[in-house]
Structure formats: C-alpha cells, structure tokens
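Undergrad: Residue numbers (UniProt numbering), protein chains in the order written: chain C, 1 to 448; chain D, 1 to 454.
Keep in mind the hints are simulated off the structure, nothing from the lab. We put the CB at the ideal spot given by N, CA and C, even for glycine. Check the hints yourself; a few may be wrong.
In silico SDA-like pairs for lysine to any residue, Cα to Cα no more than 20 Å straight-line [as the list claims (entries may be wrong)]:
1. K271(D) / M260(D)
2. K384(C) / T209(D)
3. K61(D) / R415(C)
4. K217(D) / H413(C)
5. K312(C) / E423(C)
6. K217(D) / Q393(D)
7. K319(C) / L404(C)
8. K61(D) / N87(C)
9. K392(D) / N87(C)
10. K89(D) / A377(C)
11. K61(D) / W72(C)
12. K61(D) / E380(C)
13. K167(D) / V139(D)
14. K396(D) / N87(C)
15. K11(C) / F92(D)
16. K191(D) / E275(D)
17. K392(D) / P399(C)
18. K416(C) / D411(D)
19. K104(C) / T209(D)
20. K89(D) / I122(D)
21. K167(D) / I266(D)
22. K184(D) / I222(D)
23. K217(D) / P399(C)
24. K271(D) / K254(D)
From the structure, some residues in chain C lie toward chain D, with a derived Cβ separation under 10 Å [claimed, not checked]:
25. A108
26. D111
27. Q275
28. P399
Next come the chains, spelled out residue by residue.
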Amino acid sequence: MTESLILEERKDFIKFGFEKSGKTAIKCESNSVSGAVSQRACVYCGARVVLNPITDAFHIVHGPIGCASYTWDIRGSLTSGSDLYRNSFSTDLTEQDIVFGGEKKLSAAIDEVVQKHNPKVIFVYATCIVGVIGDDVEAVCRHAEKKHGTRVIPVKSPGFSGNKSYGYKMACNAILELLRPHNNISKTHGVNILGDFNLAGEMWIIKNYLNEIGIPVVSTITGDAGYDNLIKAPSAGLNLVQCAGSMTYLAKKMEAEMNIPFIKVSFFGVEDTSQSLIRIAEAIGTEENINKAKTFTQSESDRLRPLLEKYKSRLEGKKAAIYVGGGFKAISLIRQFNQMGIETVVVGTQTGKPEEYEIITGLVGQNAVILDDANPAELETFMKEKDADILVGGVKERPLAYKLGIAFCDHNHERKHALAGYEGVVNFTKEINLSMNSPVWEYIKQET
Amino acid sequence: MLTMTPKEISERSSLRINPCKTCQPVGAMYAALGVHNCMPHSHGSQGCASYHRTFLSRHFKEPAMASTSSFTEGASVFGGGSNLRTGVKNVFDIYSPDIIAVHTTCLSETIGDDLTAFIQDIDIPEGKYVVHTNTPSYVGSHINGFYNMMSGFINYMAETTGQSNGKTAIFPGFVNPGDIRELKRILKLMKVPFTMFPDQSGVMDAPMTGNYAMYPKGGTTIPEIIGLGDCEKVLALGELTSEEPANVLERKCKVPYSLMQLPIGIEATDKFVMELSQITNEEIPYELEEERGQLVDIILDAHFYFHDKTVAIFGDPDTVLGLTRLVLEMGMIPKYVLTGTPGEAFVKLANNLFNQYGVSDCTAKASGDLFELHQWIKNEKVDLLLGTSYGKQIAKAEDIPFVRAGFPVLDRYVHSYAPILGYKGAIRLVEMIAGALMDRQDRDASDEEFEVVM
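Generate coordinates for the entire structure from the input sequences, incorporating the hints supplied.
TA: Laid out in structure tokens, this is it:
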C-alpha cells in the first residue's frame with residue numbers, strides 16, 4: 001500500500017528514522033515533480049511573506065490580480081504602528097498590458113501612490129508574467145526613485161524562477177538594497193531580530209525578553225518593522241536569526257557587508273528559548289546581562305513546570321506528525337514534543353536543508369519517517385501508517401488532518417495564539433491538548 | 001483600520017487597491033472540483049496551484065486537491081509540453097482520477113503553450129479523460145475561469161446521440177454546495193429529472209467519516225457530462241456566469257437554453273420555479289408555496305427594521321445582482337452595488353433593477369475595487385454592508401453592520417453548507433440582515449431604550 005502511493009521519482013525525498021547514517025542523505029532543495037499535488041508555493045510567495053510584515057511600506061504587486069489577491073492580509077503579522085501593509089496594491093495587468101508591456105502601467109501606479117500617499121518606501125514585486133513579457137522592473141524602480149526621491153525597491157520574484165526559498169533570498173536582497181548606503185552609520189550596542197514576523201505578536205514577546213535581560217533591540221526584520229526603524233539595522237552589533245530558512249542568507253550578507261556577526265536562535269519551546277536568551281547575553285552582553293538571562297530563564301522555566309506537568313499526563317504516549325516550511329522550526333517542534341512525552345513519527349518540511357535533515361534524523365526515533373516536499377498522499381499514507389494523533393502544519397494541511405480524524409495545530413500564518421517564548425509554550429501545549437482531546441473525536445469513532 | 005483611505009476620491013488609472021475579484025484559474029479549479037473523480041491540474045508554476053488550493057480551503061474549510069505542472073525556468077523558455085506530459089502520467093499513476101481537468105495560467109498562456117496539441121500527443125489510459133480550458137489570469141476574473149472550465153468539459157465530452165435523455169441540465173453558477181443542495185431539493189420537489197453541472201455538493205462539503213477520500217462521493221459524473229448533449233434543455237442560472245457554457249453546448253449539441261437570474265430573492269426564485277413547472281406541466285407543490293408564503297410573512301413581520309435602510313453590496317456579479325434584488329424586495333436601498341469582475345452588462349442589469357424598483361441615487365460599478373467602495377461610504381455612509389469577508393475591514397473602520405455572503409468568506413464557519421438561493425436561502429438572508437441591524441440597534445440603545453421584545 002505504502003509503496004504504490006509513492007512515485008518512483010519521490011523515493012529519494014523520503015528517509016526513515018532507522019537510516020541514521022549520513023550515507024543515505026535525503027534529497028531536498030530541488031523542484032517539485034510535475035504532476036504532484038505539491039504543498040509548496042513559489043518564489044513570489046517566498047518573497048511576499050518575508051516582506052509583507054513591513055508595516056508602513058507600499059507593497060505593489062506587478063502582475064495580474066491573482067498574485068495580489070491571494071496575499072492580501074494573510075500573514076497575521078501584527079503592527080504597533082502603520083496598518084498600510086494590510087491593503088492590497090497591484091497593477092492588475094490586463095491583456096493589453098501583456099501585449100504592449102506593463103512598464104508604463106507600473107510607472108503610473110507608482111506615480112499614483114506617490115502623489116496621493118506620500119510613501120516612505122515602495123516594494124515592487126515582479127511576478128511570473130513580468131519575467132516573461134520582459135518588463136524591466138529594475139529600471140522602472142530606479143527611474144521612479146530618482147523622479148520622486150522616495151525609495152522604490154524591486155523584488156525579483158517571478159514565480160517560476162526557483163522555489164519558495166529562492167523567494168526568501170530575493171526578499172533579503174530587497175532588504176539589503178533598502179539598507180544601502182550605510183557607510184556613515186555609527187555602531188550601537190544592540191541586536192537585530194531577523195526572521196520573526198510578529199505572528200500573533202510573537203516579536204513583542206521576544207522583545208520583552210530581551211528588555212528583561214537588558215539587551216537593546218535596534219531593528220526587527222521584518223515583524224512589526226517600519227521604514228525608520230529598519231534602516232537603522234546596519235548599526236546593530238549582533239544579528240539574531242530566528243527563521244533560519246529565510247534569513248541566514250541576509251545574516252551572512254550583513255556580516256560581510258556591515259560587519260555584523262550573527263547567531264541562530266529559536267524561541268520555540270522552553271529549552272530553545274532559554275538557551276537562546278543565554279546565548280544572546282553571552283554573545284553581546286555583559287556579565288550582568290548573562291546573570292539576568294540565567295535568572296530570568298530559570299524563573300520562567302520554574303513557572304511553567306507545574307502547568308506542563310499537569311498537561312503531560314494527558315499528552316504522554318501520543319504521536320505527532322510535523323509538516324512545516326523550514327527545517328529549523330521542525331527541529332524546535334520535535335524537541336518540544338519530546339518534552340511533552342509525545343513521539344514525533346512523521347517530519348516533513350517544504351524547504352529543509354541537508355544539515356537540518358541530519359539534525360532531525362538524530363532527534364527522532366527509529367520509527368519515524370522524514371519527508372522533503374511531501375504531498376498530501378504521502379502525508380496521508382505515513383500519518384495513517386504511523387498512527388499519528390496530531391498534525392502540526394499550515395492551512396492546506398488542516399482540513400486533510402481533520403478528514404483523517406487527526407487533531408491539528410496551525411504553526412503557520414493561521415496560528416491562533418503566539419507560539420513563541422514561554423507564553424508560546426503554554427499556548428502550544430493548550431492547543432495541542434484542546435485539539436487532541438476534543439469530545440468531537442468520540443463521535444467520529446462511533447460512525448466508523 | 002484602513003487609515004490611509006482618503007475621503008476625497010481621485011482618478012486611478014493604473015493602481016488597483018483592495019481588489020474585489022481574483023484570477024481565472026481558481027474559478028476553473030472550483031468548477032473542476034464539481035466533477036466526480038476529477039483532478040484539477042494547474043498548468044503553470046507551483047505557486048499558482050498552492051495559492052488556489054489555499055484560497056478554496058480557507059473558504060470551504062475542506063481539502064482542495066489539485067496538481068501542478070511545476071514550471072521552472074526551463075519550461076518557461078522551452079514551453080510546458082513535457083511538463084504536462086509528465087504531469088498527466090504521474091497524476092494518473094498515483095492519484096488515479098477518471099478525469100484530469102487542465103487549466104492554464106498567465107505564465108503558460110503568455111509563452112504560448114498550445115494545450116490542444118499537447119493533449120492530443122498524450123497517451124491517455126483507456127476510459128480516462130484529459131480536458132482543458134484556457135484561463136489567462138490577466139483577462140476577466142475567477143468567474144470567467146469558472147465558466148471557461150465548464151466550457152472545457154463540454155467541448156471535450158458532451159455528445160449527442162440524437163435521442164433525448166429527458167433531463168434538464170442545470171448550470172448553477174458560482175455558488176456554494178449549500179446552494180446546490182437547495183436547487184436539487186427544489187428540482188426533486190418539482191419532479192424534474194436533471195443533471196447538475198458542476199456539482200460541488202458532496203465534494204466541498206463532504207461529511208466527516210474518519211476516512212479521507214481524495215475524491216469524495218459528490219460531483220457530476222462522466223456519463224452525466226457526456227449526457228449533457230442529450231438534455232432537453234439547459235437552465236443557465238446567473239446571467240453573467242452561465243451563458244457562455246450554455247452557448248457552447250447549444251452550438252455543439254443543439255441543446256437550447258434559458259438564461260435566468262440566479263434565484264436569490266422572491267421574484268427570481270418564482271421565475272425559476274415557474275420555469276420548472278413548465279417543464280413538467282405539474283402544479284407547484286404545496287411545500288414550495290408554503291416556503292414562499294413563510295418568506296413573505298417573515299419580511300412583513302420584520303419590515304420596520306430594514307425598510308428604507310441603505311446597503312452597500314459587493315462581490316461576484318450574479319451574486320451581487322441577486323442580493324440587490326432581495327434587498328429591494330425587502331424595501332432597502334442598494335446605495336452602492338459593486339463587482340470587481342469586468343463587464344458593463346453588470347452595470348446595465350443593476351441600473352435596470354434600480355429603475356424597476358424606483359430607487360434613485362444608487363451607484364453600480366463593474367471593475368471596481370473595495371478601496372473605492374470604502375471612499376464612497378466615507379462620503380455617504382450606509383446602514384449595512386453585504387458581501388465577502390474582505391468587507392470586514394471597511395465595516396470595522398466605518399462601524400457598519402456587516403453580513404457575509406458570496407465568495408470568499410474566510411472568517412466564518414458553516415456559510416458554505418447553508419443556501420442563499422431559493423425561498424429557504426432568502427429566509428436565511430433575511431434572518432442575517434435583520435439580525436445584524438437589530439444587533440446594532442441593541443448595541444447602540446441606551447438602557448432606557450433597550451428592550452427584550454422587539
């Protein structure tokens with residue numbers, strides 16, 4: 001049964017927990033097989049999700065209407081300032097534009113924005129079609145920048161030009177362009193937070209912790225970011241990289257160009273949150289910061305322990321499946337499940353890196369299966385075979401899980417509560433419990 | 001909320017803000033999901049399929065399956081022929097549908113992929129079908145994509161044997177499974193033998209069984225689609241949605257059609273029921289008479305609460321026109337009526353309704369967007385907002401009661417199971433509209449004015 005549902009071309013993308021050694025490395029970072037029901041998105045999608053949380057930017061999508069409408073206000077990234085980014089702007093290209101080119105319309109759209117709304121920064125996203133009809137988006141942006149004296153940044157994101165990870169890279173390039181020039185910025189004692197998108201206010205949680213241990217935050221990239229705050233990023237002394245999948249590239253570039261070192265951090269789970277905070281203090285702080293971090297993380301962990309113990313009795317022995325975007329998040333989730341006494345039996349990512357899959361292989365048990373770019377048929381097969389009780393995934397996986405009679409927690413754009421930090425651990429544990437122990441499951445079992 | 005929207009309206013020639021439409025392929029995907037054992041296939045880069053599936057899942061809270069040709073740089077330069085060939089083979093091998101329904105994207109359209117030629121060259125397994133339609137995202141909206149996909153099925157599959165099958169084909173328009181179930185109930189009450197095409201009921205509202213079926217029980221079957229060519233007649237519901245496929249079927253198989261309003265509200269449902277009774281020459285059953293009477297009774301009971309209230313309605317053209325008719329029947333004033341889908345026919349039909357009911361100072365617009373609607377409302381406020389979930393920002397910003405109807409509804413549950421079509425659907429809408437207005441009255445009432453009996 002299992003065999004028949006897996007395409008020959010897909011076999012290299014799948015690995016089992018008992019294959020511990022590196023010699024059978026999983027295949028990843030390549031394109032989806034044609035004909036697969038892929039859960040993956042495109043370059044544009046990758047670029048859009050990274051930049052969208054910049055709250056006071058005009059995000060103009062240059063293409064037909066779909067690309068703009070599917071990304072209108074979908075991320076759940078919260079703002080403490082402008083709500084401009086919650087509008088959808090596009091050139092809504094029509095047949096005539098395809099035939100005669102869309103550059104004029106794009107120029108006019110930028111003009112209309114500048115004339116009426118006095119923007120601080122405009123991002124222009126190139127979609128599939130723009131790549132094909134040959135619009136020179138860069139030239140249009142350059143020209144508009146000169147004409148209006150406003151930053152107009154092109155995002156080179158035609159959907160077909162790679163996969164979602166490549167889109168992250170294109171977004172990072174756009175951010176770099178926004179930060180340039182940065183020669184005369186004097187250094188401060190503070191950090192940038194890279195790769196948190198303030199879903200359900202998670203950036204605020206992290207900022208609070210850093211405030212608690214006395215580490216100043218210079219810029220947030222890109223959760224709850226505004227133009228004025230973003231352009232200060234080159235003055236930071238350290239970059240903290242949370243979503244490694246999307247932001248390692250930017251961190252490396254900033255290290256080379258702006259002399260800012262970086263460390264990878266994760267704020268998912270008690271263990272990772274505590275370790276990250278102590279490591280941050282050690283990397284940039286004084287003895288006092290380090291002590292504060294140790295005291296703070298200790299007291300937070302102590303505070304949570306009784307609650308987690310209470311839930312553990314309900315969760316222990318259950319089995320989890322994970323299907324998320326990046327490998328780093330998958331790693332944090334496996335650790336969190338391990339702490340709850342839940343065994344992770346299926347792990348899939350859309351854009352995991354070879355080194356991340358190595359760590360994952362080390363963390364899971366013999367029984368687990370690891371998938372790169374899994375499709376619904378594979379998820380279904382392995383979740384059933386491994387008898388998973390809960391799936392952690394994104395919007396497309398939710399109804400699939402429910403249909404299979406498996407509980408679900410959204411760890412993506414539609415998360416209901418903050419899942420980062422100590423607060424996040426509480427929310428995550430409660431949510432896992434809520435979904436897994438809902439009375440509704442009893443009625444399904446009666447039916448079958 | 002929406003703080004950048006200025007009251008002052010200025011001409012925009014190039015910038016679309018807060019759209020009231022999306023692109024063709026998602027409509028094609030929804031149409032194909034209304035066919036039994038069918039895999040919708042997106043011929044473009046993988047992001048398109050991912051977005052459309054997500055969009056549909058967010059509205060229906062159901063899995064939406066579709067495969068993709070996964071275009072890369074190479075395909076965009078050399079054409080997507082080999083991607084489609086591999087894709088079709090893989091889909092049949094692994095997901096074993098009976099039909100693959102291919103729709104194009106802006107990318108494959110622009111590079112000039114000839115789908116007819118590609119499909120002719122593909123080895124299709126015995127008894128299986130591959131059909132296609134062209135859905136360039138830069139033309140029209142998801143509504144065009146929806147009817148183009150219907151035409152695609154008809155072009156490839158509908159046949160005439162010369163012998164009528166005695167059935168009436170119903171093209172329901174871009175509606176929810178709950179609406180389709182309501183249409184079917186009325187058809188059964190009227191004893192009309194029918195083929196519903198497409199039919200997303202039983203697919204996008206499939207029940208929980210504890211087992212996942214990639215192809216749920218519902219959907220128009222292959223024999224039914226082939227048999228469209230032998231139908232007596234087509235009732236094409238939705239003047240701006242269903243004419244094209246009805247036309248295609250008429251040209252191909254000489255099946256005549258009646259183009260009708262989407263049966264939302266009293267009069268449009270009356271017309272639909274009358275049309276059915278002419279088909280069978282049967283009396284209208286008391287059950288339907290009773291429902292109609294109940295609807296009128298309810299409107300009468302509650303008319304104080306909505307009579308002369310102004311409303312802004314937006315969404316897909318036929319849905320908006322239907323809702324406009326209903327609110328006019330309720331004595332409300334459809335101050336602003338807007339769709340994002342292009343086509344001036346919409347404006348004409350809306351203006352006809354304004355004239356028919358003698359309301360003045362009402363505005364209708366096609367190719368509009370919600371930014372402009374918001375500006376209109378800033379200039380002259382309305383008492384109620386009626387449309388898709390994208391209106392909730394305006395409703396919050398301007399503090400207007402808001403009723404959700406149409407596609408998409410992304411922030412509520414159950415909506416896709418319950419109808420807005422037919423007398424039952426109208427009763428539901430009246431309940432929602434009256435409820436929203438009366439909740440507002442309660443909210444704003446002083447303690448002295450606050451009443452238990454209303």
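Undergrad: All hints, please: hold or fail.
TA: Each hint tested on the structure:
no.	hint	in the structure
1	K271(D) / M260(D)	holds, 8 Å
2	K384(C) / T209(D)	holds, 15 Å
3	K61(D) / R415(C)	holds, 15 Å
4	K217(D) / H413(C)	violated, 31 Å
5	K312(C) / E423(C)	holds, 17 Å
6	K217(D) / Q393(D)	violated, 37 Å
7	K319(C) / L404(C)	holds, 14 Å
8	K61(D) / N87(C)	violated, 24 Å
9	K392(D) / N87(C)	holds, 13 Å
10	K89(D) / A377(C)	holds, 16 Å
11	K61(D) / W72(C)	holds, 19 Å
12	K61(D) / E380(C)	holds, 18 Å
13	K167(D) / V139(D)	violated, 34 Å
14	K396(D) / N87(C)	holds, 14 Å
15	K11(C) / F92(D)	holds, 18 Å
16	K191(D) / E275(D)	holds, 13 Å
17	K392(D) / P399(C)	violated, 24 Å
18	K416(C) / D411(D)	holds, 12 Å
19	K104(C) / T209(D)	violated, 54 Å
20	K89(D) / I122(D)	holds, 9 Å
21	K167(D) / I266(D)	violated, 26 Å
22	K184(D) / I222(D)	holds, 19 Å
23	K217(D) / P399(C)	holds, 17 Å
24	K271(D) / K254(D)	violated, 24 Å
25	A108	holds, 4 Å
26	D111	holds, 8 Å
27	Q275	violated, 34 Å
28	P399	holds, 4 Å
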